[in-house]
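Asker: First to last, the sequence lines map onto chains A and B.
According to full-length UniProt numbering, the first sequence is numbered sequentially starting from 1.
According to full-length UniProt numbering, the second sequence is numbered sequentially starting from 1.
Keep in mind the hints are simulated off the structure, nothing from the lab.
Ideal Cβ placement from N, Cα and C applies to all residues, glycine included.
Among the hints, erroneous ones may be present.
[What the hints assert, rightly or not] Per label pair, the in silico range of CB-to-CB distance:
#, chain 1, residue 1, chain 2, residue 2, range
1, A, R119, B, G81, 24 to 30 Å
2, A, N44, B, R220, 51 to 57 Å
3, A, K68, B, H94, 31 to 37 Å
4, B, L69, A, N46, 30 to 36 Å
5, A, S114, B, Y160, 32 to 38 Å
6, A, S11, B, F119, 34 to 40 Å
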Amino acid sequence: MKAVQSVDSKSIRKMLDQNKNTEFFLSVCVSCGMCADSCFLYVNNNKDPSYMPSYKAVHSLGRLYRKKGKVSLKELEDMKDLIWNKCVLCTRCYCPVGISIPSMIAQARSICRSQGICREYDQVEQPKQL
Amino acid sequence: MYDFLIGPMLAFSLVVFVAGVWYRVHQFFSLSKESKIDLSCLPKIISDSIDNREKDEYIRINSATDLLLKWKLRLKRTFLGKHPFFSAVTIIFHSILILLPIVTVGHNVLLDDYFGFSFPTLSESSVDQLTLLFIVLFFFFFLRRIFSARVRSVTTYRDYIALLATGLPFITGYLAYHQVFSYDIMLYLHIICGELMLIAIPFTKLVHMPFFILSRFFIRYELTFGSGTRKWVENS
Ligand code: SF4
Ligand code: SF4
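Starting from the given sequences, assemble the full structure and let the hints guide the process.
Answerer: The structure is reproduced here in structure tokens:
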């Protein structure tokens, strides 16, 4: 049986405050979509926008900043797919403005991990229809 | 009204703009730190490959066609080569955005009045045509935000604010020049929008203007212009 978890917003807030450069990155990202093609996962998944580097950062870490850490467990679970299954932190993404997207995704992972949410390696994955 | 707009209001906007950009530059330097690497300490194989990459030694250049091929291959690795159309659009858009206000006659008259110096100017008809081109490109970006799935998926109201803040001074300036509606009202709107754009630069997503220069020149990574000497501080 899974233990009932709750989200500790205060500690998320503290982690967010510790890393000011990711907040700076988010305030600078012009949502231009130029980083899309530099991610091999985006290119190889029928150009699904949810694989775009900035999408993964904005909808994980960006959401945590917007809500000041006050997120539900369900929202963190949803982020899990985005930041673990849709990014391998290969650091090959290219942002012409000079934003480091992997560092934002890595921070979102740290925050999720601090709340007991992390990748499950024993998950059975369904084969993908390409 | 006119005197107020080009007097105290202009001074206020310029002060906010300069102070805001200064604050952002300061923020950049406090979030990054100097970290030099000594290339001579790298294993020889790495420094050799850096050298070879710089020289593109895998192509022997004997003719102009070879030189073209070399640049074609170089460009292919960049956004310019992958998306030439969009690259051209964005480069022209940003160049006009920055240069056009500097070479407009009206702006230089003000500059001369206040500071006693001015920049070279373009003829009114060239400025007019370039403004029209800018407005067309502005609508291209606007429509792209609405219709391109990848851009729409990350767009928020803040992106529209940044886009409008850049577009409105040009649109109102164009309308004022062509005396559409009332010239006076359009001119006032043009000045107000221009001043709001200056104020918006450090505090909206337009902050990518100073950030682009700082990050691409100072932070060391594959995309640095030149040799970046700084890196981001992980935990501040
Ligand atoms: S991360 Fe960079 S390339 Fe990607 S959308 Fe933001 S500004 Fe554009
Ligand atoms: S770090 Fe993630 S987002 Fe960036 S290219 Fe690699 S997989 Fe794509």
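Asker: If a hint holds in the structure, say so; if it does not, say that too.
Answerer: To see whether the hints hold, each was checked on the structure:
no. : hint                         : in the structure
1   : R119/A to G81/B: 24 to 30 Å  : violated, 36 Å
2   : N44/A to R220/B: 51 to 57 Å  : violated, 29 Å
3   : K68/A to H94/B: 31 to 37 Å   : holds, 33 Å
4   : L69/B to N46/A: 30 to 36 Å   : holds, 33 Å
5   : S114/A to Y160/B: 32 to 38 Å : holds, 34 Å
6   : S11/A to F119/B: 34 to 40 Å  : violated, 54 Å
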